[in-house]
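Q: Next come the chains, spelled out residue by residue.
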Amino acid sequence: VHEADLEVARRCREGDPAAFEALYRAHAGRLYGLVSRMLGSAAEAEDVLQEIFVSAHRKMAGFRGESSLGTWLYRIAINQCLDYLRSRGVRMSRATESLDQEDAHEPVSAEPAVPVAISRIDLERAIAQLPEGCRAAFVLHDVEGLDHREVAEALGISEGTSKSQVHKARHRLRRLLGARSRSPHAARPQLVRAL
Amino acid sequence: MTCDDIALLADEYVDGTCDQGTIAAIGDHLDGCAECRALAGDLSRLRSAAKTLGPIAPPAHVWANIEARLHGDAASASRGGWRGLLAAAAAFALLAAGLSWLGTHLPPAASPVEGAALAPGDQFQLAEAVYQSAIEDLESITAQADAPVLAEPAFAALQAGLVDLDAAIDEARGRLSAAPDDELTQENLLTALDSKVLLLRDTVALLDQNGAYFEEPNP
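Same order as they appear, the protein sequences are chains A and B. If you use this note's numbering, the first sequence corresponds to residues 201 to 395, in order. If you use this note's numbering, the second sequence corresponds to residues -11 to 207, in order.
The hints are simulated quantities; they were obtained by calculation from the structure and are not laboratory data. Treat the hints with care, since some could be wrong.
[As the list claims (entries may be wrong)] Think about it this way: if two alpha-carbon atoms lie no more than 20 Å apart in a straight line, the pair counts; the simulated DMTMM-like pairs of lysine to aspartate or glutamate are:
no. : chain 1 : residue 1 : chain 2 : residue 2
1   : B       : Lys39     : B       : Asp16
2   : A       : Lys363    : A       : Glu350
3   : A       : Lys259    : B       : Asp170
4   : A       : Lys259    : B       : Asp182
5   : A       : Lys259    : B       : Asp110
6   : A       : Lys363    : B       : Asp3
7   : A       : Lys259    : A       : Asp205
8   : A       : Lys259    : A       : Asp216
9   : B       : Lys39     : A       : Glu244
10  : A       : Lys363    : B       : Asp7
11  : A       : Lys259    : A       : Glu203
12  : A       : Lys363    : A       : Glu353
13  : A       : Lys259    : B       : Glu116
14  : B       : Lys39     : A       : Asp347
15  : A       : Lys259    : A       : Glu324
16  : A       : Lys259    : A       : Glu207
17  : A       : Lys259    : A       : Glu311
18  : A       : Lys259    : B       : Glu55
[Said to hold, decoys possible] Here are some of the chain A residues that sit facing chain B, going by a computed Cβ distance under 8 Å:
no. : residue
19  : Glu246
20  : Asn279
21  : Val343
[Unchecked claim] Counterexamples of contact, computed for chain B against chain A with all Cβ distances above 12 Å:
no. : residue
22  : Asp(-7)
23  : Ala13
24  : Ala45
25  : Ile54
26  : Asp110
27  : Ala117
28  : Ser121
29  : Asp154
30  : Pro168
31  : Ser183
32  : Arg189
Note that the Cβ used here is the ideal one computed from N, Cα and C, for glycine as well.
Isolated chain B, as found in the complex (with noise of 0.2 Å):
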């Protein structure tokens, strides 16, 4: 045994994955090689305090932000959950559809009641696709905007998060085709979704309160 085998070895020596005959062999090393003993110590003594680290207290604010942003989640529709989620993306559909020219628009929204039945994989692509839905009809809403109302200071701020969001619902899209069935990704891009129909939401309310930009809806 060699100070360089000592070195390729010494993680599992500390770690005690040897086995018995490479035990042996170290230990034979060890004693006649006083910088290598050094380096067993000390990784030894390493491992060994790193184990005894252990909780660490939060501040207390974090729980009350905890708190704070349950509160706000209860008192928005419930939102947590595939069905909470279903009568998120329902709810906004409705939402928009409350905007004065936008009732000739938009189909009929989904009922969150038509998710509740179903698996879990499939209650998600029933979210996904609600969203989606309302995405696309409130877009076909802002797209009748001219160009140079979009571009004024109001819109600007709502362009730039459409446009993050855009990159993380591109971002959770492609990691879910590698691994279509991971919970916490198909969360990201459903919370993604919401955000977007949102700030869709707000974009078509500011450009509804100017209605000059806007053909008016066919009878």
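Isolated chain A, as found in the complex (with noise of 0.2 Å):
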């Protein structure tokens, strides 16, 4: 049990705004940049991101501390981004034979595709221009470290369909950082480096 994350709930329980502010700073960031991966919109992660603490709030009764207080906040954000991705009829075991095609007209080449220094920010855009379905499975596996079992669970398909979908998203993403590298605002300064 984490007593420590008990006792803050109680007392954001009790209406305590300095504990659910405190509480807000700390998971804040990282719930911010899941959603805004996932939704690949900053904006619908900012509403979502409010649904999340809001939501938050009102279900702290029901916060056992069977895990921490980050971890059932992933849960609730989790399932938040979900059914905001539903909402729009999003399917996350939707099919993407587009990406497939493309798989099969992928260019071979001896020559390395992905920079060796990528870009955050070219990162980040590209992120964003991925299908949802793939997206969201690229981001809950290869940003977040869950595990295939994992984000079937999370997403509710199965394991090979998880495999598929981050097998997708990476290829879609070596297209995308290929083609922004061999382009003439490749040249431009990399302020921002993810290695």
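Using the hints, build the complex out of the two chains.
A: What follows is the structure in structure tokens.
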């Protein structure tokens, strides 16, 4: 049992505004990163982040300390993201045949397509361009570090579909980042580097 | 090991989930194949870069909005949690009963205290039942209004809102029929019912301001 988190939850339930604000400050950055990448939109992520914390405040009585508050908030965040995506008509298991066709036509080259130092901004933009289903799987697996079983459970898909979606996302990103590195703008200073 | 094999196994290779024998076989192929080496290198760099993407600070107004909504919640009878939802459901019926002509139509509202000792699943069912009862009572009143009146602009927006809420309620109930214990969907359903009661109450209040559209209740 996470005693310290239970104490924070108790203070939040009793209406201590400082406790809830501290909880927000501690976790909002990670959750906003998760949500904005899963949705591919910063503006929509702001709305969903609000819903996550308002929902968490209302559900605080249900927090039993069996996991940390961070894990508990993370689950709420993923559920809110999925609800939001479903409301947009997105199905996580939706086939992505168009990407299969792109894979088939992927140019074979002996030269690396992805630059050694990937600009973080370029990578974030490329992730935002992925189709929703494979973007969610990619974010949870490659960015958040969940394994395929956990991704499958979170998204309500099979492990095989999770692997397939991550595979398609990586190949699409390879193409996007490769095209970007070959474009004339690629010569600009790389202000933010991920490596 | 062929290039087609590498295309299939490259993800597991860069994830480090292949067995030692497969890793060795892939390594042998990569030593002699520049194209596959480029693919594996790209995927590996991509994976490493993705791992470094960290938190993103949300804009300051997000917390301000959350704070405002929480204050709003506190001001509206502390409607967070099961007891709060029950209290809200009961309060709606009591508010509706305040309308002069409604007193003889509504059954007594359920007491929120009734739900206090119940298990969460039972509390959800009780809350849903109380909301549903309030909705049916309010709908029985709006049904008395003349159809042309409800078609007037003042009511059209309310009616459109009710249609949207009914769709949300149907969707939540559909999901609950597959996963009855899904707390998030339970909350979504209660929130939609909550909103529907509010909207119906507004409709009734608007109609009540124009008592001529109703039959006088029997004494």
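Q: Has the given pair, Lys259(A) with Glu311(A), been kept, meaning a C-alpha gap of at most 20 Å?
A: violated (52 Å)
Q: Over 12 Å from every CB of chain A: does Pro168(B) meet that, or does the non-interface label fail?
A: holds (16 Å)
Q: Taking 20 Å as the top limit, are the C-alpha atoms of Lys363(A) and Asp3(B) close enough?
A: With a Cα-Cα distance of about 11 Å, the restraint between Lys363(A) and Asp3(B) holds, given a limit of 20 Å.
Q: Non-interface claim for Ile54(B): all C-beta distances to chain A beyond 12 Å?
A: violated (5 Å)
Q: Mind checking the alpha carbons of Lys259(A) and Glu203(A) for me, to see if they're no more than 20 Å apart?
A: holds (18 Å)
Q: If we take the beta carbon of Ser121(B), is the closest beta carbon in chain A still more than 12 Å away?
A: holds (23 Å)
Q: Against chain A, does Ala13(B) keep a CB gap of more than 12 Å to every residue?
A: The claim stands: Ala13(B) keeps its Cβ more than 12 Å from every Cβ of chain A (closest is about 19 Å).
Q: Is the interface hint satisfied for Asn279(A)? The criterion is a beta-carbon contact with chain B at less than 8 Å.
A: The hint holds - Asn279(A) has a Cβ within 8 Å of chain B, the shortest such distance being about 5 Å.
Q: Can the restraint linking Lys259(A) and Glu116(B) be considered satisfied, given a maximum Cα separation of 20 Å?
A: holds (17 Å)
Q: Next pair to validate is Lys363(A) with Glu350(A); report whether the Cα-Cα distance is within 20 Å.
A: Holds, at about 12 Å.
Q: Evaluate the condition: distance from the CB of Asp110(B) to the nearest CB of chain A exceeds 12 Å.
A: holds (15 Å)
Q: Is the Cα-Cα distance between Lys39(B) and Asp16(B) 20 Å or less?
A: Not satisfied, since the Cα-Cα distance of roughly 27 Å exceeds 20 Å.
Of the hints listed earlier, those the structure fails to meet are numbers 1, 9, 15, 17, 24, 25, in rising order.
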